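Peer 1: Could you build the full structure based on these sequences and the hints that come with them?
As they're listed, the protein sequences go chains A, B, C and D. Going letter by letter, the first sequence gives residues 1 to 85 in the numbering used here. Going letter by letter, the second sequence gives residues 1001 to 1085 in the numbering used here. Going letter by letter, the third sequence gives residues 2001 to 2149 in the numbering used here. Going letter by letter, the fourth sequence gives residues 3001 to 3149 in the numbering used here.
Hints in this document: simulated from the structure, not taken from any laboratory. Where hints are given, some of them may not hold.
[What the hints assert, rightly or not] Which residues of chain C face chain B? A few of them, derived with a C-beta cut under 8 Å, are: (1) G2033; (2) E2050; (3) M2055; (4) M2112; (5) W2133; (6) V2145.
Predicted model, so just to flag it, every value in this text is computed and none were measured. Note that CB positions come from ideal geometry on N, CA and C, so glycine has one too.
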Amino acid sequence: MQIKVLYFARIKEAVNYSSEDVVLPEEVETITALKHWLSKRGEVWANLFNGQLVVRAAINHNLVDDLAVIEDGDEVAFFPPVTGG
Amino acid sequence: MQIKVLYFARIKEAVNYSSEDVVLPEEVETITALKHWLSKRGEVWANLFNGQLVVRAAINHNLVDDLAVIEDGDEVAFFPPVTGG
Amino acid sequence: MIRVQTDDFDVAQILAGMRQNNPKVGAMVCFVGLVRDMNDSAEVTSLTLEHYPEMTEKSLHGIVSQAKQRWDILDAAVIHRVGTLQPTDQIVLVAITSAHRQAAFSACEFVMDYLKTQAPFWKKETNSQGARWVEAKASDDEAQVRWTQ
Amino acid sequence: MIRVQTDDFDVAQILAGMRQNNPKVGAMVCFVGLVRDMNDSAEVTSLTLEHYPEMTEKSLHGIVSQAKQRWDILDAAVIHRVGTLQPTDQIVLVAITSAHRQAAFSACEFVMDYLKTQAPFWKKETNSQGARWVEAKASDDEAQVRWTQ
Chain A
1 MQIKVLYFAR
11 IKEAVNYSSE
21 DVVLPEEVET
31 ITALKHWLSK
41 RGEVWANLFN
51 GQLVVRAAIN
61 HNLVDDLAVI
71 EDGDEVAFFP
81 PVTGG
Chain B
1001 MQIKVLYFAR
1011 IKEAVNYSSE
1021 DVVLPEEVET
1031 ITALKHWLSK
1041 RGEVWANLFN
1051 GQLVVRAAIN
1061 HNLVDDLAVI
1071 EDGDEVAFFP
1081 PVTGG
Chain C
2001 MIRVQTDDFD
2011 VAQILAGMRQ
2021 NNPKVGAMVC
2031 FVGLVRDMND
2041 SAEVTSLTLE
2051 HYPEMTEKSL
2061 HGIVSQAKQR
2071 WDILDAAVIH
2081 RVGTLQPTDQ
2091 IVLVAITSAH
2101 RQAAFSACEF
2111 VMDYLKTQAP
2121 FWKKETNSQG
2131 ARWVEAKASD
2141 DEAQVRWTQ
Chain D
3001 MIRVQTDDFD
3011 VAQILAGMRQ
3021 NNPKVGAMVC
3031 FVGLVRDMND
3041 SAEVTSLTLE
3051 HYPEMTEKSL
3061 HGIVSQAKQR
3071 WDILDAAVIH
3081 RVGTLQPTDQ
3091 IVLVAITSAH
3101 RQAAFSACEF
3111 VMDYLKTQAP
3121 FWKKETNSQG
3131 ARWVEAKASD
3141 DEAQVRWTQ
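Peer 2: As structure tokens, this is what we get:
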């Protein structure tokens, strides 16, 4: 399936772009699986998703936990804990 | 001893004046004793201080409870529970 | 700043004065109480506030001092009107500035809860049937007592 | 009213609009968050707020809806600025009107606690040493969690 992935704040700066279209292999069905799959892209990605940083996720503009299931056409966003207000 | 007594809100309206100078007999030493002593003035006073209404008291501009001791020259005030704000 | 006055007050001006040129202020919480046209189902046409002048400001200063002891706040303003007011008129303002929001929220609510139960103001409402003194509410006593527990 | 904007906002105008000609409003609680010049001991010269536009307003609407379900409030306004701000600038406003003060205080604090932990804004501070992303605070998570207990 194909999804859109967005990055914000320090995660956007680390990966050095703000969004990309990604075609996922069939077995990548959840946020956890997506994090794991992205972490294999290289050191920057591994450092982001090795579990030492809190990386929050949203699917279609709703905050979700890492067990949330991704569907074709979804917009997935990764970002650090929010600090507005 | 001599004190000044002030009345506010519905208590002022009931007794029909807002302040008076009062000379107290020696045994009237507390707010409770003052309430009891005033209640003997007649029906209006008895109705105010028979315990069915909550009548708060202040001595020299500080809220006090009924066991507070009155001293010569004090300003004592009686009023209903406050309703500002 | 603590004031008891018959005149109306300008919320914007008070808030602006409290934060002006003070980059330590991270949070500002402001409460404004207004005259409602409805209380216990009778239509209110006016509200008259009586107070005990010599005691009122002392009482408000005492409440603000307690708030300053309990929370790390920068400044506090309390303004309470007396005299005759109409529905939608402002009655009271409590404004607190602090570095962080929790102190400001707590202090503002504390000051209002104590003001409601300890400051010597009394409200008399007028409606088409006449005038009557407003009854104190048990919920206000409960709101105040929770700060002592 | 929910707005995310780069421009500053006028607190007085917003409060006036919320209470105007509405004699049901007995209480108004307003929170304003401001840029402090100090955070974790480094002197802040500016603050830049990034957000996730498509998600931000949805998130704020969701938070306000929850507040309206939990408390009997009349109206709510949330305004959050994005872009680059200086010390003493306004960042955020939350204002609530209600008949009685407790609903307004609780709803206002609830909206701020949820906004701080759920709405997709991120702050980057600049000082003489450079720029750094502000860390989320455990105290904000704790403030939010208490509403769920």
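Peer 1: Broken hints, numbered, in rising order?
Peer 2: 6
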